[in-house]
Amino acid sequence: MVEFKPISYEAVTVGEEFRSDDFLIKPEDIDTYAYAVDDHNPWYFEDSPFGGKIAHPTLLGNQALLMRHSRYLLNAGLHAKMQFEFLEPLRAGMRVRTHGKVLDKYERRERHYMVTQFETRDEETGTVLVRGQFTQMIFPQSGVHRETTNR
Amino acid sequence: MKPQIVRYPEVGGELPPLTKTIVQRQIDCYSGVRPHSIHTDPEWARKKGFRAPLVQAMMSTAYVSQLMMQFAGEGFIRGGRMSVSFIKPVFVDETLTVRGRVKSRDPDGDSTRVTVEVWCENQDGVKTMVGTASGIEANDDRASKK
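Protein sequences appear in the order of chains V and A. Position 68, counted from 1, in the first sequence is what this note's numbering calls 68; the numbers after and before it change by one each time, with no gaps. Position 99, counted from 1, in the second sequence is what this note's numbering calls 1099; the numbers after and before it change by one each time, with no gaps.
Think of the hints as simulated: they come from the structure by calculation, not from any bench. All C-beta atoms in this analysis are idealised placements derived from N, C-alpha and C, irrespective of residue type, glycine included.
One side only, chain A facing chain V, incomplete, derived with CB under 8 angstroms:
#, residue
1, Gln1026
2, Met1058
3, Met1059
4, Thr1061
5, Tyr1063
6, Ser1065
7, Gln1066
8, Gly1073
9, Gly1079
10, Gly1080
11, Arg1081
12, Met1082
13, Ser1083
14, Val1084
Extracted from the complex, chain V is given alone in its bound form (with noise of 0.2 angstroms):
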């Protein structure tokens, strides 16, 4: 049983390690993020260089910034920095997971932020897909800070 609790500076530590659901790549999901992004290369819908149809490389981006979301409650938060380099194609079909580690935590023009390192692998055959970082504000819990409102 998971026990969440909210966010904050003090709670997450250097180290903490995370990891998301698995998640199966589904031909659904390539046209919705494909409509989200409004990106319709034929590469994704109907052929590639790398034989049959593959996934916009981006499309796991969230699976790694939502892994936080399976142990801590978060009010809001603002992405600051993304790292990605993209290993192999992703494919209708893969079932992958992410896993990730806190590398490190800071302060800056009192704002809190925490950065998390990241690899998403193919469960069937351990092949890493993708890797990177990302950087996340932390908001505090009493609301939000002055600096991000209205910009």
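Put chain A on the given structure of chain V with help from the hints.
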């Protein structure tokens, strides 16, 4: 399908920009609709200090990916890299222009890694995301200039 290999511009050259006007339904599809979300719950967004729902920052990485895929797409799908910072929020119904300028071309094994300075700017010309992206360009005769 035969690979479509189109060379990136030379160093200093700009990639053809992409323009995206982002509506709420696209944000809903990307982020998933839920209450208490700054992306899909207008009231919650206001409560958190934003005048309207925010476009999820990660959507800009998809636009950069699309920008890069116009050139040597294989070398972005397998070997592509991206490192970006989100410096200003983007609100629903805003229009982003995604731009890129080739920064360097460096040997990478038998190929060339092309690094592109990328950025997004809103309809007022304000940069919302800055960073770099790179892809592998094959060194062979199949490549053509775009």
